[in-house]
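> Take a look at the letters that make up each chain.
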Amino acid sequence: MANTDRARKLLVRTALVTSTTIATLVGAQNFAMLDARDFQIDTSPSSEPNEVVVVTPAATRTPVAVQQAAPGITILQAAPSITILRQSGQVSTVQPVTASVTSIQPPAPSQITAPNPVIIQQPAPQRSQSSR
Amino acid sequence: MIHMIEFWAMGCQVNVQLEADEQGADVLRNLPQRFTDIEATLTRFDTDSELMRLNERAGEWVKVDDVLFANIRAAKHTALLTDGLYNPLILSALVGSGYDRSFEQINAPAVTPTKPTPDWRGIEFNLKSNEVRIPVGAALDLGGIAKGWTAATIADDLAELGACLVNIGGDMVGRGAPGGLHGWPVEIEDPFMGEAFTTIDIYNQAISTSGIDYRRWQSADGTQQHHIIDPRTGEPAVTDVLSATVIHPSATTAEAYAKAIILQGAEHGLEWLNQQWYTAGLVFRQDGAALATSTLIHERNISS
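Line by line, the protein sequences give chains B and H.
Here our numbering runs 680 ahead of the position in the first sequence, where the first position is 1.
Here our numbering runs 3 ahead of the position in the second sequence, where the first position is 1.
It is worth saying that the hints were derived from the structure and are not from the lab.
On the chain B side, residues computed to face chain H include the following (Cβ under 7 Å): (1) Ser-761; (2) Leu-765; (3) Arg-766; (4) Gln-770; (5) Pro-805; (6) Arg-807.
Predicted model, so just to flag it, every value in this text is computed and none were measured.
All C-beta atoms, glycine included, are put in the ideal place defined by N, C-alpha and C.
All chains, please: the whole structure from these sequences, using the hints.
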């Protein structure tokens, strides 16, 4: 009698464990199938506008360590300026000397001879003036 | 020893000095012919010159020789540097003012109204074929640029023999320095006194003076005319500057800067010059005042 009860209890427990295990496996498989369906890409055309994600520069900015400040500039001299060497009115401006000269005439053809170089001991100072 | 030669070319008195041995004399003896050849290419007073043949074909691509090509390129470059205050396309305005022949032959010419000066940006080059095209209706006058270019070219060649100074009518290029000196002594003329206002040393630099104190004339209607044309108006410049002198490593740039100062007026022109590289300037105003950039005062030891 006692052996019969023990066998029945064992059978019931085994059945419970087996059914629970089967239920767990079936449930897990269902969840796996649900997950797989969610990750499928829908390539069909959609009438809904695509969502555009705007990435702001701030979001992509990479912090950069400042290694050095702007190159140092040493001011050796003040900004150039204008210097007055002679005030107005210090010379007669009625008629500049050179303006009274109408022109420097070129040499007449009969006076032209092939110019020859000469030797000088010191540079002959030249004068910069309006072209003539 | 220093060899020196003087002759007349490009409408100016030319003086060339060269510190060299005996062969220097032979080199200088050949210079007048070289000047003649350059002038024959660049003059606007000969309708057969290559320059004038190009002007006659404005709007077309024209193949030109190396001398003319280099001068037109220099002219366009200086127009760029001065933002068009120097404009090589002023020939029509210059002729309209009466300067239609060599200066010494001008005699009370009639003045004709001129059209606006064409845009210098319209000058085009084909570097591979040496071709140039200028805008339709435009005509080039290389004037001072041609003198500056010639002085620099001759000086560069002579410098292989020794220190030299090339002076074309008052515009000069110095290369090296004669023995024992810091440079070639050059006087800047005071246009009111007709004598040297100051003397500076030119060492590997150019000096150019431009002004309305010379090359001016009276037209048939009695108005005073001069050769500094304002490209913005097409007429002789209205300015308070009598003459402007500029020192710069480049002769063509010095020439263009001097004209740019005249067109801008004394103070504004010198302030503008102060903003340019490697340059110094001196201006005589028509009221007698003399002004200079501080760079000229400090670097040249000129007492103010």
